[in-house]
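The listed protein sequences derive, respectively, from chains A and B. With this note's numbering, letter number 78 in the first sequence gets 387, and the count goes up by one each step, no holes. With this note's numbering, letter number 25 in the second sequence gets 194, and the count goes up by one each step, no holes.
Don't read these hints as lab results, they were simulated from the structure. Mixed in with the good hints there might be a few duds.
[Claimed, not checked] Listed next, with one range per pair, are the computed distances between beta-carbon atoms:
#  : chain 1 : residue 1 : chain 2 : residue 2 : range
1  : B       : Gly-354   : A       : Phe-517   : 53 to 63 Å
2  : B       : Asn-323   : A       : Tyr-448   : 48 to 58 Å
3  : B       : Asn-279   : A       : Ser-501   : 40 to 50 Å
4  : A       : Gln-388   : B       : Ser-252   : 44 to 54 Å
5  : B       : Asp-224   : A       : Thr-379   : 46 to 56 Å
6  : B       : Pro-372   : A       : Thr-379   : 46 to 56 Å
7  : A       : Phe-517   : B       : Leu-278   : 43 to 53 Å
8  : B       : Gly-207   : A       : Gly-455   : 43 to 53 Å
9  : B       : Gly-259   : A       : Ser-481   : 44 to 54 Å
10 : A       : Phe-517   : B       : Ile-373   : 25 to 35 Å
11 : A       : Ser-501   : B       : Leu-425   : 37 to 47 Å
12 : A       : Tyr-448   : B       : Pro-372   : 40 to 50 Å
13 : A       : Glu-363   : B       : Ala-313   : 17 to 27 Å
14 : A       : Ser-362   : B       : Arg-352   : 40 to 50 Å
Cβ atoms here follow ideal geometry from the backbone N, Cα and C, with glycine treated the same way.
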Amino acid sequence: MKFLKVTLITILVLSATAVTAAAQHSQGDGHDHGHEHDMEQMQQLDSDAISHSESLHQVPTTWINQNSDTVQIKDFAGQPLIVVMFYGKCTETCPMLIQRTWKLYSSLSEETQGKLNVLAVSFDYKNDTPDALKEYAEYEQLDLPGWHFVTADQTDIRQLATLLGVQYRERSDGHFDHSNLITILDNYGNISRRIEGIIGDLDEDIHFIESLTR
Amino acid sequence: MKLSFNTYHKLTAILGILLAIQLPVLHAQDHAIMIPEGSFHSVLPEIVGEPHQVDAFKLDETAVTNREYLEFLKENPEWQRSSIPSLYAGSDYLRHWKDDLNPENEESLNRPVTRVSWFAANAYCGWQGGRLPSLNEWEYAAQAMDFDSNLEANRFSSNLIGWYSAVDTKVKSDVGSTGIENRYGVEDLFGLIMEWVEDFKPPIADDISLDCGTVGRMQGDASVYSYAMSIRYITRMSFKPTSSTGMLGFRCAYDLNSNKMEI
Numbered sequence: 310m311k312f313l314k315v316t317l318i319t320i321l322v323l324s325a326t327a328v329t330a331a332a333q334h335s336q337g338d339g340h341d342h343g344h345e346h347d348m349e350q351m352q353q354l355d356s357d358a359i360s361h362s363e364s365l366h367q368v369p370t371t372w373i374n375q376n377s378d379t380v381q382i383k384d385f386a387g388q389p390l391i392v393v394m395f396y397g398k399c400t401e402t403c404p405m406l407i408q409r410t411w412k413l414y415s416s417l418s419e420e421t422q423g424k425l426n427v428l429a430v431s432f433d434y435k436n437d438t439p440d441a442l443k444e445y446a447e448y449e450q451l452d453l454p455g456w457h458f459v460t461a462d463q464t465d466i467r468q469l470a471t472l473l474g475v476q477y478r479e480r481s482d483g484h485f486d487h488s489n490l491i492t493i494l495d496n497y498g499n500i501s502r503r504i505e506g507i508i509g510d511l512d513e514d515i516h517f518i519e520s521l522t523r
Numbered sequence: 170m171k172l173s174f175n176t177y178h179k180l181t182a183i184l185g186i187l188l189a190i191q192l193p194v195l196h197a198q199d200h201a202i203m204i205p206e207g208s209f210h211s212v213l214p215e216i217v218g219e220p221h222q223v224d225a226f227k228l229d230e231t232a233v234t235n236r237e238y239l240e241f242l243k244e245n246p247e248w249q250r251s252s253i254p255s256l257y258a259g260s261d262y263l264r265h266w267k268d269d270l271n272p273e274n275e276e277s278l279n280r281p282v283t284r285v286s287w288f289a290a291n292a293y294c295g296w297q298g299g300r301l302p303s304l305n306e307w308e309y310a311a312q313a314m315d316f317d318s319n320l321e322a323n324r325f326s327s328n329l330i331g332w333y334s335a336v337d338t339k340v341k342s343d344v345g346s347t348g349i350e351n352r353y354g355v356e357d358l359f360g361l362i363m364e365w366v367e368d369f370k371p372p373i374a375d376d377i378s379l380d381c382g383t384v385g386r387m388q389g390d391a392s393v394y395s396y397a398m399s400i401r402y403i404t405r406m407s408f409k410p411t412s413s414t415g416m417l418g419f420r421c422a423y424d425l426n427s428n429k430m431e432i
């Protein structure tokens, strides 16, 4: 339904823009500043809706975070978002991946930190309940404002992973084989940077995120 | 307890609505076949030599047809060709349809729907109260084939390899037309189309490319059957979730206790 809404809004905005433009045209040079302002706003909306059709803000999933609050990716529209996928029981690479995410975040200026969020999505929909995620966030000392450790239905988690290009497979011992990836979404929800692996220098990535919030 | 007239009517109305919601779900699962729990040998085993354990689940008897997919599009216009965002499907999505709600032609209605992205296949199965089968579920169901002799099994596998090497064409047959059926009555798992699964690209995919050496390195006995399976795994890993070919469709799976009403 959401896409339908987006489409309808786009059509409405387009026709409204056309009507406004036509009205202004018939008024000659159109001194009506109110109208002009409306039109600018509408064109802005309009171009956002069309040119960002690969935006992850379209993902309709409602996530539940470690405080049992609901979160949607579109809630972060207008700000960059750091997305990382992990699971709580993971004792091998995940703490490193989450610590790497922290290293990235903590290297940003305080001002930038205040302008972005971190979405840490668990693969483990069975065990990583909001309570378990709370425990995990506290254990990792990352139960911070702007940090969302989240869960959702299995199919929602798989869908996000597929969108990001994160591969994972549950093993019979309850652990997961998975890719190690940190993804940066820009203000419009587009994938703007992928940081692969759990080692390596983050300087360029830090610089990149700083440039997004400027 | 006595219900007032008003309450009674409200309850009837609510019950009616609940039933109406339930109907498509029941309908979808009418055609799903119970697959009992068991295990199978994968060419990508977790532990070398150990079989994969699979829980019982239900699987559609046939692949989803153009006719069925059309119903989904009517009720979910956001998945129609002109509305779907590029996030979820490339320009090849349903390219062979005449327009948003018109499949190729009358004859194509009972053919499997193809050129459907992984995201759209997911959405369809969710709408039916199910999900895409996992890779292991699909493989387990597909390997539940009974052959009269080794000779017959080998002949089947040889045909399969030939078929896999030509899957880039376009499907021209109805569902149920291959005559290939597994032990439980699931049809056309081979010989009609390739099918989307939930985790078509397991984490190992990055290390594997389609070459003979790779096929050789994949686990499995030396049989033609294993060889065909390796080709299938590797082909599947090369899929892109937003795009699909004229030979790639899907069918849905359901948890045994899947029932939207319980939530």
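Hint by hint, here is what the structure shows:
no.: 1; hint: B:Gly-354 / A:Phe-517: 53 to 63 Å; verdict: holds, 54 Å
no.: 2; hint: B:Asn-323 / A:Tyr-448: 48 to 58 Å; verdict: holds, 55 Å
no.: 3; hint: B:Asn-279 / A:Ser-501: 40 to 50 Å; verdict: holds, 44 Å
no.: 4; hint: A:Gln-388 / B:Ser-252: 44 to 54 Å; verdict: violated, 28 Å
no.: 5; hint: B:Asp-224 / A:Thr-379: 46 to 56 Å; verdict: violated, 30 Å
no.: 6; hint: B:Pro-372 / A:Thr-379: 46 to 56 Å; verdict: violated, 29 Å
no.: 7; hint: A:Phe-517 / B:Leu-278: 43 to 53 Å; verdict: holds, 50 Å
no.: 8; hint: B:Gly-207 / A:Gly-455: 43 to 53 Å; verdict: holds, 47 Å
no.: 9; hint: B:Gly-259 / A:Ser-481: 44 to 54 Å; verdict: violated, 35 Å
no.: 10; hint: A:Phe-517 / B:Ile-373: 25 to 35 Å; verdict: holds, 30 Å
no.: 11; hint: A:Ser-501 / B:Leu-425: 37 to 47 Å; verdict: holds, 42 Å
no.: 12; hint: A:Tyr-448 / B:Pro-372: 40 to 50 Å; verdict: violated, 25 Å
no.: 13; hint: A:Glu-363 / B:Ala-313: 17 to 27 Å; verdict: violated, 40 Å
no.: 14; hint: A:Ser-362 / B:Arg-352: 40 to 50 Å; verdict: holds, 44 Å
Of the hints listed earlier, those the structure fails to meet are numbers 4, 5, 6, 9, 12, 13, in rising order.
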